[in-house]
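Between the sequences and the hints, there should be enough to build the whole structure, so can you do that?
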Amino acid sequence: MELVDEVRKGSVRALAKLITLVENEMPGGVEAMEEIYPLTGNAYIIGITGPPGAGKSTLTDRITKELRRKNCTVGIIAIDPTSPFTGGALLGDRVRMQGVSSDEDVFIRSMATRGSLGGLSRATSDTVKILDAYGKDYVIIETVGVGQDEVDIVRTADISILVVMPGGGDDIQAIKAGIMEIGDIFVVNKADRDGADRLVTEIKMMLGLSSVEREWTSPIIKTVATEDQGIGTLVEKINEHREFLVKSGMLACRRKERIRSEIIKMIEYEIYRYLDSLIAENKDFFEQRLEDIVNKKEDPYLLAKKTVETIAKRISKNANV
Amino acid sequence: MNQDKRIRVLVAKPGLDGHDRGAKVIARALRDSGMEVIYTGIRQTPEQIVDAALQEDVDTILLSILSGAHGFLFPRIMELLKEKGLGDILVLGGGIIPEDDVPELKELGISEIFGPGMSSQTLINYIRENLSQG
Ligand code: B12
Ligand SMILES: Nc1nc2c(ncn2[C@@H]2O[C@H](COP(=O)(O)OP(=O)(O)OP(=O)(O)O)[C@@H](O)[C@H]2O)c(=O)[nH]1
Ligand SMILES: [Mg+2]
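Protein sequence lines, in the order shown, are assigned to chains A and B. Going by my numbering, the first sequence opens with residue 4, and the numbers climb by one from there. Going by my numbering, the second sequence opens with residue 35, and the numbers climb by one from there.
Check each hint, because a few of them may be wrong.
[Unchecked claim] Sample of chain A residues at the chain B side, in silico, Cβ under 10 angstroms:
#1 LEU18
#2 ASN27
#3 PHE88
#4 GLY91
#5 ARG99
#6 SER104
#7 PHE110
If you are wondering where the hints come from, they were derived from the structure by calculation, not from laboratory data. Glycine residues also receive a C-beta, built at the ideal position from the N, C-alpha and C atoms.
Here you go:
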């Protein structure tokens, strides 16, 4: 595919266009990804997550600057929520990435969740692959501001960094255990504010409570992103963790699990597309069945079974041509 | 579920101009109309704006300026867009821009200039109409 060739040659325009193609599920997107996939595996993927306003974008900017000092190239995917009511989105993470936005070797793409609930967008993992194939050494993903169980990042990144801040009104208890468990590194940002040390202690206690035996003890690092404090240490820890993952064989393990869950999602989605068009094409039929089911003339389980059979038939018919 | 192609908009504030109320007002209005709006923040160089447009693959660029420096910044932005192969992108300007300057700016390739009192709906319609033609 020409667009993919252009991307391989280093065209930024083609890179941006390809991401759009895939994000909008336009014709040719899947074929392009088939060509992209063999080119992936070189980039290291860093996930940055945490509650709204914790400083994820500012930290992303500073981490990127630090990586650039070591001559590494960086791709950034910054995700913000889509409004469920209007479908629109205000993508403002770039505002806090001014330090790297004019660097040729940094590519920033803002993305809206478009209905995904796990803190990422559906196209995030494909966009990571595209940036990887393009040749970026690091891909940083900034999730939406998370609160409860938006933990898709663990299945998408090699390392997950959880950013929290003191005095966000809600203390660490408010951040659900599910989210606390995903941190390979904890960052207490805005350490210039009161309560940073207390927050560190709270996280330590919380981690101590966990009975899971771990080979890696998640470090807790204090930073002041706006003042560039603690960033060097953070990047060192990221590299240390990377070495640990490589040596222990866990990196290969994580990546295998990632592709496993991606494959399952791809299959689910393919099947879902059949269901979607089946229902769209037979609206009246389904409405009538619904009516009968509500009136207890039919049962829903039978309808579900029959529908799956119809989908299976359609799929095998497609497979034969 | 197969969404229509979403309109992606870049709202940018070039130069040292700190008046950002208007830019934020239009950014929110466009978001509420269902568009994906990338806001760059204030103090953007023409290079930063054009790079953002390139990377974000936006359909249209909205330049908001109240400082009076449009006569210098807009030509530079248009020139860079052409250089980077983005010459046919829809560019709109707005803010405090004297009537007399408008013809010259349009000649550069800026499609329309909007000022105070413009209704959001006018802008939304303008973008939708002009993008569907292109
Ligand atoms: C509020 C204001 C301020 C606030 C700004 C707060 C902020 N964060 O935005 C403060 C007090 C900080 C300020 C400071 C200054 N200001 Co002042 N300010 C104004 C004022 C009174 C209103 C601007 C405003 O917010 N309007 C409300 C918003 C919603 O309207 P808007 O910006 O026009 O946007 C609407 C439309 O124009 C349009 N629009 C805007 N942009 C775009 C872009 C596109 C693509 C489209 C389609 C539409 C569009 O949509 C918006 C919604 O309808 C104007 C006078 C005026 N009446 O415009 C002076 C004015 C802009 N300021 C002026 C000046 C000189 C200054 C200072 C230099 C003063 C000084 N000597 O210190 C400083 C500079 C600050 C800086 N760093 O840039 C002058 C500019 C003169 C010029 N252009 O030649 C003005 C025109 C006053 C005047 N008549 O002299 N200012
Ligand atoms: N005092 C202080 N402020 C900070 C620090 N880091 C970031 N901020 C400020 O906190 C605010 C939010 O920072 P962002 O980087 O946008 O936070 P975010 O987590 O990306 O926010 P969302 O993407 O909206 O969830 C900004 O005004 C930053 O300038 C810090 O270390 N100390
Ligand atoms: Mg952010």
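Hints, verified against the model:
Taking 10 angstroms as the C-beta contact cut-off toward chain B, the hint placing LEU18 (chain A) at the interface holds, the least distance being around 8 angstroms. The beta carbon of ASN27 (chain A) is positioned within 10 angstroms of a beta carbon in chain B (closest approach about 5 angstroms), and the interface hint is therefore held. With a cut of 10 angstroms, the hint placing PHE88 (chain A) at the interface with chain B holds, because the nearest CB-to-CB distance is about 9 angstroms. Annotation: GLY91 (chain A) was flagged as interfacial toward chain B, and the flag holds, the nearest CB pair being 4 angstroms apart, inside 10 angstroms.
A distance limit of 10 angstroms between C-beta atoms decides the matter here; for ARG99 (chain A) the minimum to chain B is near 8 angstroms, and the interface restraint holds. About 5 angstroms separates the beta-carbon of SER104 (chain A) from the nearest beta-carbon of chain B, less than 10 angstroms, and the hint is met. Because the smallest distance between the Cβ of PHE110 (chain A) and any Cβ of chain B comes to about 6 angstroms, under 10 angstroms, the interface hint for this residue holds.
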